[in-house]
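Engineer: Chains as they are written, first to last, in the working numbering: chain A, 1 to 93; chain B, 94 to 186.
There's no promise every hint is true.
Ranges between beta-carbon positions, derived for each pair [said to hold, decoys possible]: (1) Arg149/B x Glu29/A: 43 to 49 Å; (2) Asp57/A x Lys96/B: 29 to 35 Å; (3) Thr105/B x Thr26/A: 52 to 58 Å; (4) Thr119/B x Asn46/A: 16 to 22 Å; (5) Glu122/B x Ile36/A: 40 to 46 Å; (6) Asn46/A x Asn116/B: 23 to 29 Å; (7) Lys170/B x Met1/A: 42 to 48 Å; (8) Ile157/B x Asp81/A: 38 to 44 Å; (9) Lys58/A x Cys126/B: 44 to 50 Å.
What the hints contain is simulated information worked out from the structure, not anything from laboratory work. Beta carbons are placed, not taken as given, at the ideal position from N, Cα and C, and that holds for glycine.
2 protein chains.
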Amino acid sequence: MNKAFKALSDPTRRKILELLKDNDLTAGEISECFNISKPSISHHLNILSNAELVLRDKQGQHVIYSLNTTALQDILKWTFDFVEGGNKNENKN
Amino acid sequence: MNKAFKALSDPTRRKILELLKDNDLTAGEISECFNISKPSISHHLNILSNAELVLRDKQGQHVIYSLNTTALQDILKWTFDFVEGGNKNENKN
Numbered sequence: 001m002n003k004a005f006k007a008l009s010d011p012t013r014r015k016i017l018e019l020l021k022d023n024d025l026t027a028g029e030i031s032e033c034f035n036i037s038k039p040s041i042s043h044h045l046n047i048l049s050n051a052e053l054v055l056r057d058k059q060g061q062h063v064i065y066s067l068n069t070t071a072l073q074d075i076l077k078w079t080f081d082f083v084e085g086g087n088k089n090e091n092k093n
Numbered sequence: 094m095n096k097a098f099k100a101l102s103d104p105t106r107r108k109i110l111e112l113l114k115d116n117d118l119t120a121g122e123i124s125e126c127f128n129i130s131k132p133s134i135s136h137h138l139n140i141l142s143n144a145e146l147v148l149r150d151k152q153g154q155h156v157i158y159s160l161n162t163t164a165l166q167d168i169l170k171w172t173f174d175f176v177e178g179g180n181k182n183e184n185k186n
């Protein structure tokens, strides 16, 4: 979860994930949505891939990126437990 | 959310939040649960406080730390939207 949380701490990487929520995309298609260099997008995609937040699928000359929700499910579970149990102060008496 | 995700990327900080899920605690009580120095715990608490994941309440000579679930609720909402909408590949046809 360390890698996933770290990966999510960057707004560009969260935006990439939001794009992939709608469609699987190539690195080129992703970089068209940003005003930053392709190598920089490639770097962000590597971080997301290492954190297992995106999957890469080589199709011919292209690599297609898609969302991998498994790591996000772990984060959801961990966070839900806090929000669910977080009203202890209200229920203390 | 950048700060919150960054703060959560460290296992010691996640463990601190887990301790605070059960009880509000002083920095001293928190540091008793770890094999790391008090200044180091204090550093982690500052990061959690800056990320608005914990609240500080000065009571006499002590500062009591408690969980602030607001930032976690934002993360929960953001993540839920992915997991909820993440089965597009299954529903594509």
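Engineer: Could you run down the list of hints and mark each one as holding or not?
Structural biologist: Structure-based check of all given hints:
For arginine 149/B paired with glutamate 29/A, a C-beta distance near 45 Å keeps the hint of 43 to 49 Å intact. Between aspartate 57/A and lysine 96/B the Cβ separation comes to about 33 Å, which falls inside the hinted range of 29 to 35 Å. For threonine 105/B paired with threonine 26/A, a C-beta distance near 38 Å fails the hint of 52 to 58 Å. A hinted range of 16 to 22 Å is violated for the C-beta pair threonine 119/B and asparagine 46/A, which are about 41 Å apart.
With their beta carbons about 45 Å apart, glutamate 122/B and isoleucine 36/A fall inside the hinted range of 40 to 46 Å. Distance hint check: the CB atoms of asparagine 46/A and asparagine 116/B are about 40 Å apart, inconsistent with the given range 23 to 29 Å. Taking the beta carbon of each, lysine 170/B and methionine 1/A are about 18 Å apart, not inside 42 to 48 Å as hinted. Taking the beta carbon of each, isoleucine 157/B and aspartate 81/A are about 22 Å apart, not inside 38 to 44 Å as hinted.
A beta carbon spacing of about 46 Å between lysine 58/A and cysteine 126/B agrees with the range 44 to 50 Å that was offered as a hint.
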